[in-house]
Amino acid sequence: MLAAVLTGFLLSIFLVFAGKYFKGKLAVLSALVPLGLFLYFLSFINRVSSGEIITQSVEWVPALGLNLDFTLDGLSLLFTLLITGIGFLVFAYTAAYLKGHEYLDRFYGYLGMFMGAMLGLVLSDNLLSMFLFWELTSISSFFLIGFNNSSEASRKSAVLALAVTGSGGFLLLAGALLLGNVAGTYSISEMVALGDMIAQSESYILIVVLLFGAAFTKSAQFPFHFWLPGAMKAPTPVSTYLHSATMVKAGIYLLLRFTPVLGSTEFWNTTLIIVGGITMFYAAVHTLFRTDLKGVLAYSTISVLGLLVFLIGLGTQYALVAAGVYIVVHALYKATLFLITGIIDHETGTRDVTALSGLRKVMMPVAIAGLLAAISSAGIPPTVGFLGKELVYEATLGMADWAVVLTVLAIATNILVLYAGFVAGIKPFTGKLPEKFEKVHMPSYLMWLPPVILAVLGLLIGIYPAVIEAPLIKPLVDSVGLEGQAVHLKLWHGFNFVLGLSALTLAGGFLLYFLWKPSEKKENAISKLDFIAPKSLLLGFSAGFRSFSSMWTNFLQNGLLRNYVTTIVLFLVVLVGYSLFSGENAFHINTESLSEMTFYEVVIMGVMFMAVAFVVVARSRLGAVVGMGIVGYAICLLFVIYSAPDLAMTQFSIDTLTVILFVLVLSGLPKYIAKSNLITRIRDAGVSIGLGVLVSLIALAVINEPVNKEVSDFYAENAYILAKGKNVVNVILVDFRGTDTLMEIAVLTIAALGVYSLLKLRLDKDENIEKEN
Amino acid sequence: MMQQLVMYPLLFQLFLSIGLIFLWKKISWQKWISAVGSVINLGISVWLFIHIWENGTQGIQAGNWEAPFGITFVADALSASLVLLTSIAGLAVSVFSAGSLMSARLKFGFYPVFHFLLLGLCGAFLTGDIFNLYVWFEIIIICSFVLLTLGGEKAQLEGAMKYFTLNFLASVVFLTAIAVLYGLTGSLNMADLAVKVAEIENRSLVQVNALLFLVGFGIKAAVFPLFFWLPASYHTPPSAVSAIFGGLLTKVGVYALIRVFTLIFEVDPFIQNVILGIAFLTLFSGAVGALVQNNVMKVFSYLVISHIGYMIAGLGMMTEVALTGAIFYLFHDIVVKTNLFMVSGIIHRVKGTSDMKKLGGFYGKYPLLSLLFAIPLFSLVGIPPLSGFWPKLSLISAGFDLENYWIIAGILLASFLTLIVIVKLWAAVFWKTGEKLPEQRNFPYFDNLKNFQKTQLIAPIVFLSFVTLYIGFGAENIHSLSVRISEELLNKQMYIDAVFNKS
Amino acid sequence: MMDIIIVVLASFGAFFILLGAVGILRMPDTYLRMAVTTKAATLGVGLILIAAAFYFDDVATTTRVLAIIIFILLTAPVGAHLMGRASYIAGNKLWEKSVSDDLEGKYKASRNFSIAPEKPGKSEDIIENEDYDKN
Amino acid sequence: MKNRFLANLLLTIIWIAVTGNFQTANVVFGFILSFFLLWVITRGSGQGRYFKMVPKVISFFFFFLFELIKANLQVAYEVATPKLNMKPGIVALPLDVKSDFGITLLANLITLTPGTLSLDVSEDRKFLFVHSMYIYDKQDFINGIKNGFEKRIIDISE
Amino acid sequence: MTLDNFLYYIILPVLALSTLLVFIRFIIGPTISDRIVALDLLITTGIGVIAVYSILSGQPTFLDIGLIFGLIGFLGTVAYSSYLEKRKKK
Amino acid sequence: MEVLLAIMIGVLYAAGIYLMLRRSLVKLIIGVILLGNGANLLIFLLGRITKGSPPIIPEESSTFLEAYTDPLPQALILTAIVISFGLQAFAIILVKRVFKVVKTNDIDEMNTTDAGS
Amino acid sequence: MKTLILRTASNYMLPLLLVFSVFILLRGHYLPGGGFVGGLIAAIAFVLHAFANGLENTKGLLRIRPGVLMPIGLGLAFLSGLAPVLAVDEPFMTGLWWPDHVPVVGNLGSALFFDIGVYLVVIGVTLTIIFSISESD
Ligand code: NA
Ligand code: NA
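Residue numbers (numbering that gives the first Met the number 0), protein chains in the order written: chain A, 0 to 772; chain B, 0 to 502; chain C, 0 to 134; chain D, 0 to 157; chain E, 0 to 89; chain F, 0 to 116; chain G, 0 to 136.
It should be emphasised that the hints constitute simulated quantities derived from the structure, not laboratory data.
A hint or two may mislead.
[Claimed, not checked] Mimicking BS3-like on lysine-lysine, the simulated pairs with C-alpha atoms at most 27 angstroms apart in a straight line are: (1) E:K87 to C:K92; (2) B:K153 to F:K50; (3) A:K670 to E:K85; (4) B:K449 to B:K25; (5) G:K1 to C:K92; (6) E:K87 to F:K102; (7) B:K153 to B:K24; (8) B:K423 to B:K435; (9) A:K360 to A:K435; (10) D:K145 to E:K85; (11) D:K97 to G:K1; (12) E:K87 to G:K1; (13) D:K125 to D:K82; (14) D:K97 to D:K82; (15) B:K24 to G:K58; (16) B:K153 to A:K674; (17) B:K435 to B:K449; (18) B:K25 to A:K759; (19) C:K96 to D:K145; (20) A:K431 to A:K521; (21) E:K85 to F:K50.
One chain only, chain A, in its complex shape (with noise of 0.2 angstroms):
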């Protein structure tokens, strides 16, 4: 299996390199990968139906709990079989759909990219893992959103989905980590042994919520489905394989997955089917107001994957296996329509409803296609999709509490989607073929074979249930924690309540699709709510955390040098002195074991003191050097009484030297202005007391702290004697500390050669100078 998940990885790093040797004629050769996989994949469906799980499993990062852990059950695999099958259509139909495109090579990368990240997806046992293909697969989405990247809305809505997807990724990654903190695995199969244990830790409810935020926003539940139809600015091939087949149902995966881990509360049930019922029927009536082809697809696949949601959340078996049926279905009959869009399309070069007609008579073979996915999605028997429709209100039925409500809901909804079927796969082909279109001609075979073939399976699946019951939705429902076997599939229920609904749903749909036309002016008309959609308020939001965030930024990093200064003092007092002041031994003052003050010593503090108040309010800048070179004599004669010779010499040059250099450069710099007013002043007095007063205290209670001389006795005691020198500050500069001296001088030469850069390179003198930055 790792092989299979890899495969699609090494086609799209093949393509990286030998892509433009693969862009012709060639192209259509990739789409054997997915065929292969399947092939492959469909070899195991004997083994899983039969209650075998097959695994592999590859160490990458055990330290780090992930692990390529891979398992087939049936749940798996009716997943690997739609990525894979579709896939290979897909792959088959883009040949032609992008014909000479000039990045057909990269867009077979994406797509093999995509498909092992999906395939991963499925397939991983390991949640981390799983997380890491779940990821990929929003990144792949995110490159073929944006696959015609020179058009403005195509980049919109590939940082949009992404935005949405991703921020759910996340929300999954935290999930997954606080899951597995609290089973003490990561492996989801050993997870199911410890639901109870779960359930009852009180990290539950956070871990659903954030496994809910995945689900809902990949599998574009309301309020997070707005990414959806902007998707759809991807070229066909990737709304027909990612935005209805295959990505979207990740979200699904994902709670079909976790259902027999996590699934056994009120609160999983209800929360799915609130969110999964309110999709579902808004999405719904949203397919009421697009003129777009692909709008009424996407919001009509947006319905369907709110219905996949509250059937989950139903939770029985019923639901469960109308939620397998629904995505075979679904899957089927939605790839047929968005691939025979894709040909309207790209034959006619429009996919506005209004305007499209008796293409049929151009088209024959697709305008078949269309009606046979329209008659699945509308649950028309013979079709799978009238079987997948009966399980629904079966299940809707079977809620004792709640079972008028979401029935009318159910109800509701499938009119809508069958409206949707009806106008995406039957309108364009019925009525006037008009003048423009004459000329339209039957596309490649690579372009209407795969829809034919769709159709065609939906149909036959829809006949022979069996095809799929055994094999496929049964193992599912086993995978997910309940017993498959009880319910059986079967076309004919005979006479009963479930009929009648469907007849209703058949007779509310057939009269709306005839009655209702979409148009433009409706679609403009509901437009005008958009400022309370979703999407909006989303974008509003962004927008306003945009602002919010140059207003943080532009606050914070204002430019101004001074209250950089001042942030970065006022914090450090207030932390340090929040520290001092709370402490518990709070520090106190022993003037006793100090030494003894002498006039001389205050004389000269006197001095600098003042040399120091000078300095700070001296107009002329010379004026303040000079105090300064008092201030730093002071310092010397300090350094003298304190038996500091050394010090005091070298304090004594660098200030001299300081001086020299401000002298050299003095004229070349400004004049001292005094702009601040006087609330500045005196806020930035308080500020710099703060910190000198603060400075103090600590000194005066460190100094009243016990001394510990056991370094500096041992240089005292050695200096002569193992270093062979007598002053020694000097034997500890350039002997027991010596590595500090040779950086000191290195410091040193650095700021010369700086100085001497700095002051002999101008480029912005020389403007013949190349710039290279």
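We have chain A; now place chains B, C, D, E, F and G with the ligands onto it with these hints.
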């Protein structure tokens, strides 16, 4: 003697730096010597790393004065790894500089100062003495001043003023902290301090001291609300300089924080709350900052800040898992950020601007380069299984262990915003067609470069991208290294023994 | 005996320094202040240093003291000359009771002086107006 | 001349440094030794004048010391008494001394003497501008210096 | 009265007083030249203080600092005067 | 005495920061220098100060006979002073260049590199 | 500055200060002083000379570019630290001492060469900075 090995990276870099000063203005010599020297240095670092990996933490006493009297250099797994990464990034930038910097800059001491900077970085990672650490920091600062201002263009100088002021402030705070530490213990040797600080009775002063270090190193690490110098300056120098800055400078601050808060001070509840609060706001402020920028270099600058938050979060949580995540992120970030700034350099070269509004058309024109650039870009986002993804697993897990949902929220939010920032950048720079800009005179457009020069620009990016891919796909190895490091950090006795046992 | 020598020397030394200090405070113009301080302080410091030499009474210290005195004797007058000259060039005025100024106009008129200020002797120059705040 | 003296001094210092011995005997011995060495190596080269000069220099030193103390007392009186009796001013002093060394020495000695301050030497080296506290009579003042310091300096330096 | 006491109670206070007086001149200026002259005199006075202090503490070593003071202080004066001239020249 | 010195150190820190908060480049540099002096004195003070006993071993002895001042802080400060000098020298030149190139002394006007987006 | 007095004085002071700077350098191990202060004094001697005689004269006097002193000094200090590594396989900066007492400097060891390195670097740095500023105007 193998123990000498600990100092070999420093000795070699110093040798190289001094030698390069002698070759002042002989730039073609400098280019070759720098590149060859960087390769040799990489070899030495690998050697050191393997030695440490096999034999555990090693210490050496400079001047042969037994600890705590001389200056000790210590290579534990963390130091050895960071030295190795510095050498990797150094090699890449050395070659990139040869291709990207104009000869005027190279003639005025770029290479010597660049190697001094690498020396300073390695010294900071290897030293076991707190004052010596200060000295290495100053080497780093002065080198970065010089590199930042080399060329003296207006933006460079403006940025440098802020850079200078705030970094000087940081040095003063650092020095203040050292003064307090010395006043309390009379020692400077970090292993010795680990013992002596624990014995101090006045814990309140110890906490004060720890906070001083936190602020001093926090400025260097560019955390909230101390990061102002970074966005003001990082985008102003040539991209080769930004690359080494973005990759390594702030990381030294992070390293120092990790070192002092694992070895010398303990993270008590108050400090923990402070650090986690800082981490959250750093993650947030950096990310929202990146969100509103239109200049590629500025975007990356803010992302540097934001992602420091991950490491600080790991430090704040201070569990083994959390530290593992922080260390892993540190490794990933060094490689990726270095690479990204080089990428931004090439982007600038293509059209002569870094303005995302004007840029575009990369994907159509340079598909393979785009793919190459996608590696660091998406690693940065942490798209699994690329390198940025793995450490987040540890960090979030650690957050759940501590039930600190705030920090998890911060990590997720920053990750999400990074994703948005990068995909928008991708859409703007790579997808969009872009404006047709008037041709600049004397601007060496990428297309006009000779093949050799193009190789000099692209080879380092390929090299670092491979390293990134290795970190991603070989995450198991990097993770076990990080685990080992965090174990070593949490068990300081190993470090102390290495310093005091004269083995 | 030695103590007495030291006391006398130190006392005179301190006295001359004090003299210089009072002088610099009392004298009415820069030149007079300089005139008073350079010598008084030089002499004073020299005396105190000699006192120290007597106190320690060894050659090492004595050499050092002599070296310092020589240095001071060498540098102090040169420094005073430089400052005096600079003050004059900068336009510091003489005390109003001064009786003679042979240097007047020399820096302006004579090209013999290489440093010829364009606008010398403006009264505001004394307080370095160019450095001062505008507001 | 000046080079001789400096060389002598230099050699003495080197001697002290080389021997690492600060004892009086050693210093004196070093000075005498280097004096002798210099004398030996410069014998007959017309530089021997230096060695006759030593007594003159010593007498000049005491003359200066006397002037210094005298002038200091004068200034002390001026500073310590409440009234300011001075008649300060700048005087152009015509120079006879020609050598750089001589001019500098003269200017410095004038400066070192309290109450007077050498401000500058004219570019043509013909005048020394001196600021003085007491100019009761310009010519007296000029003559005082010319007959005192300048004469002695010419004696020893030229 | 011992020598130490004499130095401590008579000489040092006189020097301290001198320092203060000179400092007053520094503060009141009024010209920059006056300040520089005051700084110069402060340094000279400082050498005296150092000499007395070296006697009091019995450390001839401190005298060396006086040497450095004298030497380097002079350079400061040179620099200042050079600036004053240069500025005027402009 | 230590109290006075501690206060003095506080004054230096405060004055340094206050000058760094001004809008003039020259004041900024002067502030930086004062701040550096403050930090050096702090090391000095916290290494404990002693009068009249420099850490120089007497001539005839091979080790100290009397009390001596802790030499280590002195060595540290020496290193710190020299390093700060390197940085400050560079900064002074930088100020000169900034003024020449940016043509203003007002730090507030140097906000083009990090203003907004 | 064109002043005869300063020029003359500085010409006398230059050799004096240079000798003094070597003196301060050599005795640093025993008394206050050492490479740093010594180097500063030497540099100051040249700076003084430059103030009085003009930069070109001083440069002519120096013959070599002061900048060269930096890598030389740095290299010397580095080598004196490196010697024990290369020669006796002891750690960097281990003191190596000449077995006998040497006149002038007392004990001759690697520390002295180190200090000389410091001395040269300080001269080189100070002069490089000050000369480049003077030239840039
Ligand atoms: Na006089
Ligand atoms: Na040191």
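Contradicted hints - numbers only: 2, 10, 13, 14, 21
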